[in-house]
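Residue numbers (UniProt numbering), protein chains in the order written: chain A, 1 to 811; chain B, 1 to 502.
Hint data in this document are derived by calculation from the structure and do not stem from the laboratory.
Incorrect hints may appear among the rest.
Footprint (simulated), chain A over chain B, 3 or more residues, beta carbon under 8 Å [what the hints assert, rightly or not]:
#1 474–482
#2 486–494
So these bits of chain B aren't anywhere near chain A, every CB distance computed over 12 Å [to be verified]:
#3 LEU200
#4 ALA237
#5 PRO262
#6 THR276
#7 PHE277
#8 GLU281
#9 ALA300
#10 ALA308
#11 ARG369
#12 LYS373
#13 GLY419
#14 GLN448
Since this is a predicted model, take the numbers as computed values, not measurements.
Where is the CB? At the ideal position from N, CA and C, for every residue including glycine.
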Amino acid sequence: MSHLSQRPASPSVGLEVPHESAVGHVTGEALYTDDLVGRSTGVLHAHPVQAPHAHARVVRLDPGPALQVPGVVRVLTAEDVPGVNDAGVKHDEPLFPTEVMYYGHSVAWVLGETLEAARLGAAAVEVDYEVLPALVSVRDAIEAESFQGAQKTLTRGDVDASLADSTHVFTGEFEFSGQEHFYIETHASLATVDEAGQVFVQSSTQHPSETQEIVAHVLGLHNHEVTVQCLRMGGGFGGKEMQPHGYAAIGAIGARLTGRPVRVRLTRTQDITMSGKRHGFHASWEAGFDDDGRIRALRATITADGGWSLDLSEPVLARALCHIDNAYYIPNVTVLGRIAKSNKTSQTAFRGFGGPQGMLVMEDLLSRVAPALGLTQEEIRERNFYAPGESTPYGQPVRHAERMHKVWAQVMEQSDFAARSAQIAEFNATHEHTKRAIAATPVKFGISFNLKAFNQAGALVLVYKDGSVLVNHGGTEMGQGLHTKMLQVAATALGVPLSKVRLAPTRTDKVPNTSATAASTGADLNGGAVKNACEQIRERLTQVAAGQLGCPLTDVRFVDGRVTALGLDTSLDWDDLVNIAYFQRVQLSASGFYRTEGLHWNADTFQGEPFKYFAYGAAVTEVEVDGFTGAYRSRRVDIVHDVGDSLSPLIDIGQIEGGYVQGAGWLTLEDLRWDTSDGPHRGRLLTQAASTYKLPSFSEMPQEFNVTLFEQAHEDGVVYGGKAVGEPPLMLAFAMRESLRKAAAAFGPDGRMTELGCPSTPESVFWALEAAQLESEPETQHTVRPSATLSSDTPSASPTRPAPQPVLTAE
Amino acid sequence: MTGLHATVNGTAASLGEITPHTTALNWLRAQGLTGAKEGCAEGECGACAILVARPDESGNTVWTSVNSCLVPAAALDGQEVVTSEGLAADDGTLHPVQQEMAVRGGSQCGYCTPGFVCSMAAEFYRPGRCGGGCGADEAPAAGTAEGSADGQPAHADGHEVGPNGFDLHALSGNLCRCTGYRPIRDAAYAVGSPGEDDPLAQRRDQPAPPPAATRIQREESEFVRPADLAETLEVLAEDPDATLVAGATDYGVEINIRGTRPSRVIAIDRLPELRTFEIGEDRVELGAALTLSEIERRLAGRVPLLDALFPQFASRLIRNGATLGGNLGTGSPIGDSPPVLLALESVLVLAGPGGTREVPLADYFTGYRQTVKEPGELIAAIRFPLPLSTTTAFHKIAKRRFDDISSVAVGYALEISDGVVAKARIGLGGVAATPIRALETERALEGQPWTTETVRHAASLLAAEGTPMDDHRASSRYRAAMLGTSLRKLHAESAPSQEVGA
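Excised from the complex, chain B in its bound form (with noise of 0.2 Å):
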């Protein structure tokens, strides 16, 4: 097939006359694959939840869900995609998950179970889930691996996990309104392994289709995929208004929600410069177009911060576009990444015309959604330095638990040696027009004991800093009170024999 093209649920299919917004959802509903729906056209909902298939680190395929509604429909030239439709046998018979869903009530209204289907046949086929392939029957009962004292299902570090290793949060951005999730998560729990004909399974042991050069011009707007980042910067340099998208979490949101229509737009998410991930003797270098979901995976934990980070971070629907050099592309004043990125004391590496530079993140921001990022500059990567504080936590305040955007977000990096605090770095979302370090509170703490008494006078230091508002999310007062609270929180939970549960 010449000309644009994606593969559906196994079949070449020509992306027409898209234009640079047309977004995947609207164009698979115009191939009358109508199982994706618009929910909320933001990314919060996941009825429109479909499968790509991403390239993993070893040249492998990883199905990832992702939100239709948020990826421009260009971004789907020469790649694969599964729907909900695609799911079932040639014969009608159900997918394991759709089978699972169907028998135990999974569905009421049915509006948001394809999108819940395709989010749980990523996690159905994520490698590794079941360790050595376990059935839902002869695994260990859930949470046993994370449990708390009273055997109480594991909510430990934000995760929950059935006893066929499936990791609840991976429907962290589906909302159902009829069910209240219980047979959802029965059915999650109850999903077996692939089966060894499994097609999609087998598809894993391919590679992912490679990103394909594409540009598509309509009347007054253009899309392009640059081959590589010297040709990116080429574009930006002709039009350094363009507007560059990774995941396209928040451009989507943008196109969807407030009908903004850029000129030309380019996607840099596939980008292999902006793609490296080193763990070297002195520092942590994240390419900033790796996907959340790329970094969690592949730290596999050696960042206990950012492990912390990444539970509370939006959702896994969001977290599988979702890049660190998004997060502080916008540069928002709420972004959940800035307050933890501020306590590791992240470098930024900004790449331009004229080569790269280096800037610490804690200058980066000069006021809301101002950035020292010149025009033509993007942000190629992020590090960090190594060893890293023995001491960290990410406290993050929000109506809910799963996938909500912060009121208040606290990183925190702490090395305590001989209970002193030796050094403290603190960052601090959402209670000014940038994020900010709480530097007066790192002061108050450093070369100090660990104790109460500090502790109580830097807490009284840190609900002070910033200059929190009153929105629709909390009053100013309650995130003032939360900064006061979250250092004795951190310390409570840093003191030896701590209680259990919370």
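Same shape as in the complex, but just chain A (with noise of 0.2 Å):
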């Protein structure tokens, strides 16, 4: 057991304990960036100028029209920029653009005394475009051959010839949906400048180094003239981790030109049609299986819509390309990756980062082809499981393979899977309207950045003369309990109880170049720096209490606020030892660092062990549908996931039911919907309310939700033995759909290949389960012919073997 995973007596890390917040949320006390407003004076609101086209050049833009407005105090335009007009990293997002590339781009802020005032100025403004033809659709944009950032190939083995030797060749088509965010509280900052011209802005962001990176550059800056602080966001998901940057630059140009205060909060409309959203993507694929049904070979290209910019849509593609075997061994693969250039938001981080949407298109392969290769959904899974020993397609060993068999194993049992399975049939049998299913589904899920450099971390950890502990990390709290974690973290490297931490805000004047609280590693990076910070700490007053207590540094122990000696019956408390460690001039604060050891990877090859771990988990889902509506529930849902040794249980349980049942909207409910009509308002979200774009509701909770953490499940080498929780339990999700589709089936005969719209709303799952209908009953008395989108007559790659038909899914 390593030293950074070795947990003392008596610690804080694994008691459950609620949100370090709870109070606060429960009492409305607690402040979001937004809530700042009113505590501020003089504040200028801001509001942006969208054009109406997806695609279109600006001839003229004329704010003069907005000065005459009633309380508009300024309209920000790109001559406003003191530095560099781009919101991203990549240089691809100027913030005042030129030329408009998605519907709802802003091409100016106004600034007024009142939201109505900058609203109404908005309007005002005159802006003159030249309309472009627009590509909305990502097969409009593969067609069109307009592709962004650089095409990614992973590889091994000989896929040729493995195809052509496999017994059994299958090929398909696949297109889903991407997914707004839907945090709560949309994006916001509040900017404001010191005596001194220096920026200070609250920001609702995952990532408050890179929000001040850019507006430093913005505005000309250096990074130490600008400081970002997030006290919290209600929600971020990924959606917060690039997308808050532009928003906190238009507040801090606005702020250093009128010198007052400027916030910046989109509403929902504005927000929903403005940042970016998960990543849709389209597939194609051929995969061959032997007669035992094992995937012998995987040919596929897998395209992302990544939206106007690239934003982080290279490493959410190399995330989709790393996790296309979910928990399969695949011996021979070849996917190509690319990223569609479409006029749409830019697409960006959604938890998860493409490790979904690659693995959502092998569970949606196994289950097309399971029928064909007479297997159950659950047979095919579990046979092409990775054994100990295999790696992945990029070359990682799969450390801890068996913990897949063993998580699935327990979900099995646990879901009472074979009993249950055997009831549904009966029930089925019996119900000629209304149908049952059960389907289990595994996830895999790689934890670190694949950029090598992002798993850094840095913590402030300050002891005070009273013996109260003031911590500092740089990552950030949206609700996934990061800070909690921290707290007793930090009360468990010190020995002190939780009740002596208390956590501050984050912020980039504390610790500084510290990476997006994202790709669930925040408990594992901020973790370690933080107990290396509380270590220094410890040490020196290890050493004031061995002098105290007459006793060798070695048997000094702190515990629960009390410092003893070994064998001896004297000991210290806590803040009078703090106290004679000041006196004795002890430096009681420190600064943590920590950094993931053992990555390597190389983006060029897509070779290398790019991953500290793998968590597992699996989830077994059952559902019933209504053959007359295609309208379900979900009935149970049981889950094993492994999270380490869970450093805080309340916390962990919490992210994987939240996670699941987010997943569960994204395949079933979410459903964007663009215009792609040649109308006005083609490339218009139509769906940019929570009236139409419809979120998860109480109705979706599972009546039944049982969640088990995987027990022993101790991780060498992460901090206190646990492991990351943030994403993975979204994929557990596809056992939702899964579980869909069977019920579908279950309307028409046995062994029939099931195709399945995503997302799998009520109407996807009657064309569904009337297609089965009518296999089942030809001369049925059905009113509606079957649907169009299955079509009948794609060629198999070999025709002397078979072959499903490719879905082709309405976007």
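Hints given; two lone chains; assemble the complex.
This is the structure we're talking about:
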């Protein structure tokens, strides 16, 4: 067991404690960025001027009429940018564009004494556009060969030879939607300048250091002249990793120009029409299997719909490629990954970061081909699990592969899978119009940033003379419980009760050069840094204590706020020891640092060991589907998930449940629709409100929801033996979609391949079940023609072999 | 305190310089009460939920949860409001719903939490929630009252109720993006009964504040709450283009999302003449300004078709404000009440300068958001005849079961005697520019035996009623298909010895 992962006696980590801000949450007293506006005076409000075209050139922009609107103070345009007119890190995102790249792109911002004045001012800005042709769907972009960034290939073995040798070869195509983050708190920032012209931006950002850097480069300042603080976020999910920077920069420009605080807080409509989303993907594939249902070869092309600029599309694509295997050993692989450039919002990080999309291609593929191989969904999955000793296509040994088998066996047992399958078969035999189904899917997810440099973190721990402890670290709190875990880590490392430790808001002038709180790494990285800082302090205090207690250094113990020596009756109170140390002129603060060891990655060859470890999990979902409508309910979900030795069980279970439901939302409910017509609003997001873009609500909560943390799961080499938990559980929701597929299939004859659109809305499920019904009862009284999206004449890869038909899902 | 004012968390606060278009949410936040948040600005997410003191039919007060993003601040004049900040005791002791939410992991990012807490508190204080004042421990197991045969929690009639009588639909208008809801449900089902000394529980025994006659004029816009119907009609006669506002659940969206700024707003939700409730020998009359929640509570299940509608009509937060008059007044083709009210053969009572007149609902809609209502008229009441048909159902097709807008809605009221369809009334929403009656289908059913053959034929006619469109909610093909399957579903579910579940 490594020093990093070993837990001392009586640790605070592992305790089931509520969120550190829970009381502030329930009373409404916890503050978010926009709550600060009323506490500042003279605040100006910013409102964007959004272009009503998906692609156009700005021919003329006249702010004059806006300045006539009462209460309008200033109109911000490209001319007001003292530094670089760019909101990103790839230099492909002009903050004030001359070419409109998507419907709703902001071409100017208006500052007003009130939001109403700014809104009316924005409506008064005169802009003339020259409308240009727009690529809206990923298919449009592929057809036009409109791509951006590098194309990457993941490859191992000999796919051609292996496909030729495979006894079963299938081809397919699959297109599926992205997802809107819909954090309940929209993007918000509040910028002020101090007496020296230095900028202080409070921002709802997952990446304060990058927000700082972008604000600095837009303003032409050095990083040390800009400070960014994030109190907490009302949800992030990846949507506030890259996207907040431009809004923070708008506020900062306004504050520098006017000398007044400037608030940028997007309305929901602005947020959803301007900010990036999870990438939708298109995939085409060819897969070879042996007679036992083992996959021998996979050739695929996956295309991420990146939207108008690169943003994080390249690393998202990399993660999609690195997760197309999910939990399965594929000996021969060639997958080409591309990023389409389309006239939509710039798609970005979203919980799972491409991993879910890569895995979805494989999970969909396995379910489609299983009937042709005479296997159940669960059989084909289990047969293809990695065995210990095998490696991923990118060359990383799958450490703890046996855990996947154990997790799977446990979830099967916990869910009583076999017995319930039999009950369901009985139910279905006696219910013509209602069918139930149960399905299981696995998750294997790699933890670490693919980019090695990001795998570092810093912390600043201050111990005051009264023994109280203040912890700063580089991670941000968005609801995932990071701050709670960091308090537990600090209390554990110092051997003090949790009540001694307080957490300060994340600020770039406390911990510099931080990475985004992303890729599920927040606790691993920042926990390592917090622990390191605490240990520096504890080491110094150990010397003081040994002197006071009269014992060797190695005999000093810090437990629950008492400092003892092995075998001695005397002990010291933590507070007293700290005070003594002060008078002995011992430094009571420390800056901590952590970097993840053992990573290497070649982004050109797509080979290496980019992940510190893998997180494993499996879910079993039972649904019930109404044959008349396709409407469904989630009756029961069982999950076994590997979080290592949990740092904070209440937090971890919350992440698992929340991740599952968010994943189920992506796969079954949330429906991003863009105007793909040639009408005047081509490219406009049609589902741009909570009334049209439906998130899971209470009605989507599984009626019974059993989550079990995998036990004896200590992860060596990670802080206190825990594992990352933010992203992996999202992909447990594949079980929901697969159980819907099975339930739809149950309306038809056995052994039939069932295709299902994604998101698998009631309408999609209805078409799937109706197709099944039509095969079951050819003379049935259906009044509606079968779905036209299910084509029946697609050639298979080899005419002598069974092949499923591809499904083209509606966007 | 003189001038417009409201009582917030027990303290009088001046409404100050609000405009007619200032929302209650923005006013509260400007007071430093930032617990209520704006998540969507259209009454869909509930992050802005607060409690208001509303009268019940016996002269007491009901703590009622509403979306403060939709309510005009001017409508708070003279009213009492409680926000998440006002629920904890002065010494900081958390309110029972806050306590359960905090310790059970009911909050993650916390942004939606104050709204959940307010919705949950309203249900916590709902009279009769616990029957004899049950605690969570001594209560029957979840859902046994309505549980299905296999012991799953009850979902019958769209209700799900905890062992403490907590109706989960109280939270149907609150969205959480973090938790997956399970810990919030556990918190809701864990709260006990209000204590003897709970001030908000005690407050229920006193009358709610009466409506205040309010008038504010700011530059070119005005908000007026007339004292009675006569004054309302006078104001309306002066300015037939004035916007009538009851629950503001549509108006608020217009203000927030579409930037509409009506020059004159007339608040009619508290007019006594519009709040009638009568169940007579041969008809029911529902005042147009009664909220859906009030109607639900007062009918208490006596009109099964309406009872089928309520849990599917938006959310509790919306039903606490929304009125039938509003749902019909906007003339939307996808309102959920018209299909049901058409099936009930409803008649609208329109009040105007010349008195009142009755218009059958079937004749009321004339085109997309167009009706026979004349300028200067308003909907005073909805009437429908008794006795009610015995076989009724409301089928709503939507992506989400709670709080969604229907892509297709069908209301059925069939009289089936001795196996023959004696009478059929079917209302449709979402399949044409207006809500319509499925007249051909009705004719094909009436006088025919209620058999698979009859239903098969009638279903094929129903599938062709209306001209469904393609949009982001559903394809036209799916809408037509849903019309076709709907009657077969009704038949399957109304035939004897039906399957359980579904």
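Results of checking the hints against the structure:
no.	hint	result
1	474–482	holds (count 7)
2	486–494	holds (count 4)
3	LEU200	holds, 15 Å
4	ALA237	holds, 30 Å
5	PRO262	holds, 15 Å
6	THR276	holds, 31 Å
7	PHE277	holds, 30 Å
8	GLU281	holds, 37 Å
9	ALA300	holds, 24 Å
10	ALA308	holds, 15 Å
11	ARG369	holds, 17 Å
12	LYS373	holds, 25 Å
13	GLY419	holds, 21 Å
14	GLN448	holds, 16 Å
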